[in-house]
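J.: Sequence:
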Amino acid sequence: MPEIDAARLSAALKDRYAKIDVVDTTGSTNADLRKAVDDGAADRTVLLAETQTAGVGRRARSWSSPKGAGLYLSVALRPSGVSFAALGSLSVVAGLAVRAAAAGLGVDAVLKWPNDVLIGGAKCAGILAEAVGGTGGTDPSIVLGIGLNVLPLGDVRPGPGGLPATSLAEHGATTTDRTDVAIALLSEFDDLERRWRYAAGDLTEAGLLGDYRAHCATLGQDVEVQLPDGTSLVGRAADIDASGQLQVDMAGGQRHTVFAGDVVHVRPA
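Start counting the sequence shown at 4; every next residue gets the next number (our numbering).
Treat the hints as calculated values from the structure; they're not laboratory data. A hint or two may mislead.
SDA-like mimics (lysine to any residue), calculated; alpha carbons at most 20 Å apart, straight line [claimed, not checked]:
(1) K22 to R197
(2) K22 to T48
(3) K70 to D193
(4) K38 to V26
(5) K22 to V113
(6) K38 to T48
(7) K38 to D27
(8) K22 to D193
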């Protein structure tokens with residue numbers, strides 16, 4: 004598989020992003036950009052790696068990033084005017100961007116709350132948003148990481164909920180040229196993130212909440228949600244609110260709002 008063409012990527016996106024770098028290998032693109040933000044990196048700085056040796060997902064889980072098989076990228080953002088509390092909804096924006104990019108390649112993908120993209124019931128992409136700063140009067144910044152499987156990964160252990168891995172290639176993508184896929188993904192993200200930023204992080208105001216609801220496979224299903232404190236709850240995924248939080252209807256009739264957690268054992272309602 005040809006390496007990502009950094010020159011072609013930068014030329015295609017020069018009016019959208021401040022800086023785009025491609026490296027052969029790194030521990031984690033998110034970790035690299037968190038440090039870069041602390042050192043003053045510009046808004047809309049992008050880093051892609053051919054492979055990662057210490058990729059990290061939600062709840063500090065490690066994940067595989069074999070060389071040449073996917074896109075492993077992070078974007079550093081300084082969204083002035085978006086409150087620290089609203090930064091979490093950027094994962095919704097990223098999910099919609101991945102789904103739209105896949106659709107443009109002829110692949111029908113859906114979203115699994117909070118940060119996965121699925122094709123045919125298997126996971127093809129994961130998203131991790133990490134806030135940087137935003138205390139002591141400083142403007143909040145955020146580093147958004149996306150891992151997207153373009154080519155088959157081989158024998159990969161299923162993630163939380165037992166979801167197997169899949170890729171764009173396995174579902175008939177019109178191209179598996181990773182430079183083209185990166186251009187498509189970053190172009191979609193640029194468009195949606197600008198709408199989100201202009202609306203101060205309000206998904207409804209940005210016109211994105213309805214799109215997420217329409218493409219979220221979690222809604223309407225019976226779910227078990229593993230919460231960050233180690234507890235879990237079981238109910239029916241009823242809605243996504245304007246902050247991107249999942250609302251779960253419990254058996255007793257009460258509605259529980261979940262800001263963060265892993266949806267597992269998802270069953271059709």
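J.: Need the status of pair K22, V113: alpha-carbon distance at most 20 Å?
T.: Measuring from Cα to Cα gives roughly 30 Å; hence the hint is violated.
J.: Taken at face value, is the distance from the CA of T48 to the CA of K22 at most 20 Å?
T.: holds (5 Å)
J.: Mind checking the alpha carbons of K38 and T48 for me, to see if they're no more than 20 Å apart?
T.: Judged against 20 Å, a Cα distance of about 12 Å means the pair holds.
J.: Are the Cα positions of K22 and R197 separated by 20 Å at most?
T.: Holds: K22 and R197 sit about 17 Å apart, inside 20 Å.
J.: Does the structure keep K70 and D193 at a Cα separation of 20 Å or less?
T.: Answer violated: K70 to D193 is near 26 Å, above 20 Å.
J.: Between K38 and D27, does the CA-CA distance stay at or below 20 Å?
T.: Holds - the C-alpha atoms of D27 and K38 are around 18 Å apart, at most 20 Å.
J.: Need the status of pair K38, V26: alpha-carbon distance at most 20 Å?
T.: Holds. K38 to V26 sits at ~16 Å (cutoff 20 Å).
J.: Are K22 and D193 close enough, with their CA atoms no more than 20 Å apart?
T.: holds (13 Å)
Violated hints for the displayed structure, listed by number in ascending order: 3 and 5.
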